[in-house]
Amino acid sequence: MSLRPRWRAAFLLAVLLIAGAAAYKPLAGLIFAGRLLLAVRALASGSIGHSLPVQESKIHRRLGDRELTALLYRPTGSLPKSAVMVVPGISELGCYHPRLRALARTLADEGFLVLTPDIEMFRRFEVAREALEEFNFWFSQMQGLEGSEDVQRSGIIGISFSGTMALIAAASPELRAAFVMAIGPYQDLFRCARGWFAAGPVTAGEGYYPTRFYGKWILMRAALNMIDSKEEQQFLGDVLISLLLQRPAPAPSAALSPQARRWYQLAVMPENQTDAELSAAIEKRLAPWYRELSPDEAAAQIRCPVFLAHGAHDDLIPPVESLELHKRIRHATSYLLISPFLTHTHPLETSLTWREKRIAVWQMLAFFYHLARTAR
Numbered sequence: 001m002s003l004r005p006r007w008r009a010a011f012l013l014a015v016l017l018i019a020g021a022a023a024y025k026p027l028a029g030l031i032f033a034g035r036l037l038l039a040v041r042a043l044a045s046g047s048i049g050h051s052l053p054v055q056e057s058k059i060h061r062r063l064g065d066r067e068l069t070a071l072l073y074r075p076t077g078s079l080p081k082s083a084v085m086v087v088p089g090i091s092e093l094g095c096y097h098p099r100l101r102a103l104a105r106t107l108a109d110e111g112f113l114v115l116t117p118d119i120e121m122f123r124r125f126e127v128a129r130e131a132l133e134e135f136n137f138w139f140s141q142m143q144g145l146e147g148s149e150d151v152q153r154s155g156i157i158g159i160s161f162s163g164t165m166a167l168i169a170a171a172s173p174e175l176r177a178a179f180v181m182a183i184g185p186y187q188d189l190f191r192c193a194r195g196w197f198a199a200g201p202v203t204a205g206e207g208y209y210p211t212r213f214y215g216k217w218i219l220m221r222a223a224l225n226m227i228d229s230k231e232e233q234q235f236l237g238d239v240l241i242s243l244l245l246q247r248p249a250p251a252p253s254a255a256l257s258p259q260a261r262r263w264y265q266l267a268v269m270p271e272n273q274t275d276a277e278l279s280a281a282i283e284k285r286l287a288p289w290y291r292e293l294s295p296d297e298a299a300a301q302i303r304c305p306v307f308l309a310h311g312a313h314d315d316l317i318p319p320v321e322s323l324e325l326h327k328r329i330r331h332a333t334s335y336l337l338i339s340p341f342l343t344h345t346h347p348l349e350t351s352l353t354w355r356e357k358r359i360a361v362w363q364m365l366a367f368f369y370h371l372a373r374t375a376r
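Those letters in the sequence shown? Residues 1 to 376, by the numbering used here.
Please keep in mind that the hints were generated in silico from the structure rather than gathered at the bench. Please read all numbers here as calculations on a predicted model, not as lab measurements. Misleading hints may appear alongside valid ones.
What the hints assert, rightly or not - Result set (BS3-like, lysine-lysine): computed pairs, CA atoms no more than 30 Å apart in a straight line:
# : residue 1 : residue 2
1 : K58       : K81
2 : K357      : K327
3 : K284      : K327
4 : K284      : K230
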């Protein structure tokens, strides 16, 4: 047999192997993107991922005189090469929220080491830049966690308010985040707050409040020191907590001062009404706080890849917030996804046409493909 056919066969085999090796990572990324797309669609329909074969544990660490807690999720059968810290938004359940846990299980099942810190401030419906200290602390702990021996890159995912905080944290060069993903973040708290306090068309049924009131109530809690009486501050704080927990608000007493009664009425009034004067006064009081929590400086400085994902019909933080954040990221690669498959506070209820579904699937697949290439 001539050596030439053998040489040609060997050469062809080498070319195929090289091409296969070159295509392996893109193909693996595409497969991962497809699996993540299916998982996210399941989450959007309310799935909580209990059946996934992942290991879960609770860990504790000390930060100064405080004991902090987090949940750790690990894939079974192999050591992960990538890790991600997933930070919940502002809710009473925090990292114990069923949908947050479902997201963590999904990521662990896809081969990530996943850490979800319990930010107690957020579970008390309190917001402050000091939460960044816990972001930074937990991210620094990830390399020493059980199952992290082979981890080569670590990123951050933040949800809602925590999405913006994750972006601010990832802009710090000391953190050395491989990527950051913000799901439903804000860019301008002034703009968000004006939408939360504004009167609008009636969208909620009788006895219910619109989702955007969640933001209004959190801001009202942050400004309660505008009330003169400490006792009335306490009462209104209890009212706002009840509303945030979707419980009936305590009835006001006849002895409530005109000032406190006005606050009470702003909290419980129908969505097609507002108190423009009181809303403006609250904005003025919180303006320094809004500026302190602005992500604009971080957006201009961040260097790691940024992934911004937002629900097209988000009724708490509108998608324009991610659009504006995307515009402000100057020195990093930024990917933007605005999708009807993503929701902020409840499973997907909006019906879509076949064409809308097809477009949304392709957009989400492309977004997750870029995420897979970066994160894994």
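Do the hints match the structure? See the list:
Between K58 and K81, the direct Cα distance comes to roughly 21 Å. Compliance with the 30 Å bound is thereby established for this hinted pair. Between the alpha carbons of K357 and K327 the distance comes to roughly 26 Å, so the proposed pair stays at or under 30 Å and holds. Between K284 and K327, the direct Cα distance comes to roughly 27 Å. Compliance with the 30 Å bound is thereby established for this hinted pair. Restraint check for K284 and K230: satisfied, since their Cα atoms lie roughly 21 Å apart, inside the 30 Å limit.
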